[in-house]
Amino acid sequence: MTNDLARWQFATTSIYHFLFVPVTIGLAFLVALLQTAWYRNEKPEYKRLTKFFGTLLLINVAVGVVTGLVQEFEFGMNWSAYSRFVGDVFGAPLAMEGLAAFFLESTFLGLWIFGWGRLPKAVHLACIWLVAVGTMLSAMFIMVANSWMQHPVGYVLNSHGQPELNNIGALFTNPTFLWGYVHVILAALITGSLIMLAVSAWQIQRHREVASFMHSATISVIVLLPAILVTMFVGSELGVVQTKYQPMKIAAAEAQWTTCQPCSFSLFQIGGGKNDQTPSQIIEVPHLLSLLATNSWNGKVVGLNELQKEYEAKYGPGNYVPDVFIQYWSMRIMAYLATLIMLFALWGGWLLHRGKLAESKWFLRLSIWAVVTPFLMNTAGWMLTENGRQPWIVQGLMKTINANSPSVTSTDIWISLIAFVLIYIALGAADVLLMTRYARKELGQDDEQAGESGTTPPSATPIPALTF
Amino acid sequence: MHLHTLWFIVLAILWVGFFVLEGFDFGVGVLHTVVGKTDTERRVAINTVGPWWDGNEVWLIVAGAGTFAAFPGWYATMFSALYLALLLVLAALMARGVAFEFTRKSEDRRWQGTWTWCMTLGSLLIPLLIGVGLGDLLNGLPINSSHDFTGNFFDLLTPYGLWTGLTFLGLCLLHGATFLALRTTDPVRERARALARPLGWAAIALVVGFVIWTISIAGGTDVPDPVQILAVLAVIFAARLAATDSDGWAFISSAVAIAATVGSLFIKLYPNVMISSTNAAYSLTVSNAASGGYALKVMTIVTVILFPVVLAYQGWSFYVFRARVTAPPGQPASSPPAAAPAAPAAPATPRA
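Chain order of the listed sequences is A and B.
The first sequence begins at 316 in this note's numbering and counts up one residue at a time.
The second sequence begins at 221 in this note's numbering and counts up one residue at a time.
I should point out that these hints are in silico values taken from the structure, not numbers from a laboratory.
The structure presented is a predicted model; accordingly, all values stated were derived computationally and were not measured.
Some hints here could point you the wrong way.
Derived SDA-like pairs: lysine to any residue, alpha-carbon spacing no greater than 20 Å straight-line [claimed, not checked]: (1) A:LYS436 - B:TRP536; (2) B:LYS517 - A:GLN477; (3) A:LYS756 - B:ALA232; (4) B:LYS488 - B:LEU307; (5) B:LYS517 - A:LYS436; (6) B:LYS517 - A:LEU472.
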């Protein structure tokens with residue numbers, strides 16, 4: 316019970332946190348691009364766009380940062396047995412994240428917000444780029460840590476049977492990390508560009524500053540199109556890596572109970588769960604699963620039943636099959652949405668090429684609604700990754716059931732779970748309210764501070780600060 | 221020196237740095253409605269920490285993550301033991317962190333009022349609760365042989381822990397007042413200086429009490445060590461100087477007072493990191509809670525390379541915004557806020 320509650324809490328808080336993370340990473344990069352454009356061409360509309368989307372970035376960052384704090388504390392609060400067991404390895408990337416990424420991000424964000432007109436233009440531009448780099452570094456360290464849970468490397472077991480770090484380089488060259496990190500960054504760029512595109516489309520639809528918002532729409536599509544194309548390739552390679560190191564994850568994602576060779580990909584099915592291993596109404600594509608999971612036309616995918624036997628022989632009795640329903644559908648939601656986004660991006664690219672984006676009523680309309688897709692896609696991707704690791708918290712080393720805090724009662728977790736849910740609802744409501752309000756504002760004028768009203772400091776007079 | 225001792229020092233420095241820097245942010249957060257009578261004045265007060273508070277808070281995050289990396293046992297026991305207290309800290313950190321960004325994003329009075337309360341209460345609760353938690357490390361908590369906490373929430377409210385929390389809060393308030401005096405002008409500065417006097421006296425009482433109590437529970441000698449003496453002297457200086465025109469010296473004194481007070485706690489704690497009140501043999505120490513030698517070595521190298529860089533750019537950011545913050549010219553303190561006009565409503569008839 317306590318363990319289940321702790322899992323619910325972690326799932327809730329981390330899924331929620333990751334609604335904001337990709338927006339921050341994606342928008343920071345895009346705002347940096349806008350400001351770079353302004354720096355180079357000195358056209359005022361780029362500065363106005365930078366401030367406009369910068370405000371949206373800041374609103375989002377506020378919630379992203381504070382919900383990240385919860386994640387940092389939660390390992391020790393809810394998962395003390397885990398923290399004690401793996402801290403030697405797992406703690407290092409987290410500490411490095413703080414030193415290398417959080418300081419960079421927060422300090423230069425402060426400099427950027429308050430540095431308009433105070434810092435030289437080039438230095439001010441460097442600030443937003445350092446923020447963008449900081450967000451991506453932060454994701455890097457977290458993915459190093461997470462990938463270690465998926466595929467632990469670079470450690471030895473000490474005399475207490477605990478993993479001890481013995482090769483930090485191995486953590487950063489973990490194949491699960493390399494592919495997973497690129498995948499996450501691309502997903503973030505997709506998320507950011509779809510948001511910028513949605514806002515631009517909404518404004519263009521209303522004939523507001525069409526020429527200016529066409530700039531941001533163009534940049535969005537230019538970032539979106541390669542990002543979605545490459546991410547589908549990277550995602551499929553990540554699948555191959557996982558088939559190798561976490562075969563259960565992929566077999567469960569395909570509801571593949573029996574070993575197959577060659578394997579067809581199930582596009583849709585009803586049933587196929589634990590107690591119903593032969594699903595009905597399957598729509599299949601021959602050879603596709605072999606291709607996706609192994610990169611070969613006739614590749615073999617080991618089935619769940621066989622893997623279960625292997626694992627029992629290796630790790631002792633127990634159920635080693637993750638929840639097949641969640642795996643199967645999160646895989647499909649992620650992949651199908653990615654396909655839709657790809658088609659949409661291709662359409663956008665085509666319209667852009669023909670110079671007709673601003674006139675395409677349907678594309679603009681769809682752009683606004685497309686903003687929900689990356690959030691569903693990202694969440695499904697993480698469900699696939701994390702649920703697919705179960706019953707392990709660290710693959711092959713520690714089971715989730717043994718990882719929660721012995722001293723924390725289920726009452727404690729109920730209290731904190733309810734508190735987090737209530738706080739998150741309030742924060743989410745405030746965030747959505749502000750995001751939609753500021754996204755619908757008119758583009759601010761260059762000289763006025765409308766886009767930055769909340770954060771523009773009253774002017775500072777040149778009185779020296781230290782008066783002794 | 222063994223690496224785990226070095227890491228104990230690194231973590232102590234991070235906690236000290238956190239309280240010295242974020243300490244004035246907390247003080248400003250609590251006091252901004254007291255020193256600022258009008259909306260503009262309150263914005264002036266908040267903007268004195270505007271560019272920095274987020275970077276200052278990272279000291280806390282790195283202290284936490286550094287504990288995880290260097291002393292997994294300490295991190296595991298401390299964070300699970302302080303469970304509900306940390307939940308409150310998190311709630312306060314969240315409410316306050318968002319308030320910085322959200323408060324002025326709407327003209328609605330209730331909206332602004334709510335976030336202002338989040339700012340004030342959050343800034344008050346965080347140093348108080350963290351102080352209680354750090355005090356408990358030295359005071360001792362029921363911890364069993366497998367290093368798990370065996371008490372409940374009320375066991376965390378030890379008298380010494382509470383006094384430590386009040387001391388840290390008192391110092392943050394004084395530090396915030398001296399900081400505001402240094403960073404503002406005119407009525408805001410005058411009010412901050414006026415506040416610093418009573419806050420100074422309270423802080424002196426709290427710090428003296430804290431030093432005596434610490435000596436009595438930590439055992440060993442009956443005389444205060446140099447850092448404890450420094451803490452007392454510095455807080456007296458800060459209280460005295462706050463009444464004069466020496467804004468800079470007053471601020472430096474309150475910074476030293478906070479650094480020495482927090483530092484003295486860690487000095488008394490070493491070589492323990494968490495004392496067990498159940499049985500001294502169950503206490504967590506720098507050696508039994510630490511990571512292996514390789515992990516500590518990696519972390520040491522990373523810190524030696526990165527930390528000076530962090531200090532350099534954080535220092536630069538303090539330098540960039542060193543000027544005093546004041547209301548924009550032509551805007552008397554009683555005028556309406558210098559905020560953007562309310563969001564224009566979406567056009568009733570889209571022309572699309």
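Each hint tested on the structure:
Straight-line distance between C-alpha atoms of A:LYS436 and B:TRP536 comes to about 17 Å, which keeps the hinted pair within the 20 Å bound. Of the pairs offered as hints, the one joining B:LYS517 and A:GLN477 holds, with about 18 Å between alpha carbons and a cut-off of 20 Å not exceeded. At roughly 47 Å between alpha-carbon atoms, A:LYS756 and B:ALA232 are farther apart than 20 Å, so this suggested pair is violated. Between the alpha carbons of B:LYS488 and B:LEU307 the distance comes to roughly 27 Å, so the proposed pair goes past 20 Å and is violated.
With a CA separation close to 40 Å, the supplied pair B:LYS517 and A:LYS436 exceeds the 20 Å bound. Distance check on the hinted pair: B:LYS517 and A:LEU472 sit about 18 Å apart at the alpha-carbon level, within 20 Å; holds.
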